[in-house]
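K.L.:
The listed protein sequences derive, respectively, from chains A and B.
Heads up, the first sequence is in the working numbering, so the first residue is 1049 and it goes up one at a time.
Heads up, the second sequence is in the working numbering, so the first residue is 43 and it goes up one at a time.
It should be emphasised that the hints constitute simulated quantities derived from the structure, not laboratory data.
Some hints could be false.
Here's a subset of chain B near chain A, in silico, CB distances under 10 Å, partners left out [as the list claims (entries may be wrong)]:
{"hint": "1", "residue": "Y78"}
{"hint": "2", "residue": "Q80"}
{"hint": "3", "residue": "G85"}
{"hint": "4", "residue": "A136"}
{"hint": "5", "residue": "A148"}
{"hint": "6", "residue": "F153"}
Beta carbons: idealized from backbone N, C-alpha and C, even for Gly.
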Amino acid sequence: EADIYQTPRYLVIGTGKKITLECSQTMGHDKMYWYQQDPGMELHLIHYSYGVNSTEKGDLSSESTVSRIRTEHFPLTLESARPSHTSQYLCASSHTGSGNTIYFGEGSWLTVV
Amino acid sequence: AQSVTQPDIHITVSEGASLELRCNYSYGATPYLFWYVQSPGQGLQLLLKYFSGDTLVQGIKGFEAEFKRSQSSFNLRKPSVHWSDAAEYFCAVAPNTGGFKTIFGAGTRLFVKA
């Protein structure tokens, strides 16, 4: 099992604010992911990373950006939040050597007012 | 096109009754297969996975799943449901390279009645 930590778990911010959702994993997984999920809906991959200094956009277009400067850390940033960004953001990771099974953090709930 | 279908949006079962959640996939080769569970406000927790070998896979919390190649299915089962099993369940498929190419189904919401 992977230990993946997301902070904050819940965030309410005003429109136009810059926010960063933090994600760290302690299992040395090489791949990391960000998914977006609206309540009761399916998951959409918005960003992924193969390793340090590697970031790619996922299937769902997102105005957010990510960085991967350290293996264990994969933060997501919104430069100017809007109400349409209100959603749950799930960070995840996997290891190439173990079949790339994806393990998830507990999620960050973002509400933009 | 590669896809995962969970035909049931929601299912209601009585506590103590058996459960089967359906999952069908469309994939070019035998994929890796997964079931996850998500409690309200939480992330997804891996219940079980199938890579190869025995087609009946045991997972955590008393769940099992059976891979049927001829039916392109990977149904999740539990012989006796507990109230704490009420949650959203996601089936997922991935190539043997896994990772970002993992495809998740839309989920099935399980309600448990007393």
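K.L.:
Confirm or reject each hint.
P.N.:
Tested hints:
no.: 1; hint: Y78; verdict: holds, 8 Å
no.: 2; hint: Q80; verdict: holds, 8 Å
no.: 3; hint: G85; verdict: holds, 4 Å
no.: 4; hint: A136; verdict: holds, 7 Å
no.: 5; hint: A148; verdict: holds, 4 Å
no.: 6; hint: F153; verdict: violated, 13 Å
Figure legend: structure checked against the earlier numbered hints; the only hint not met is number 6.
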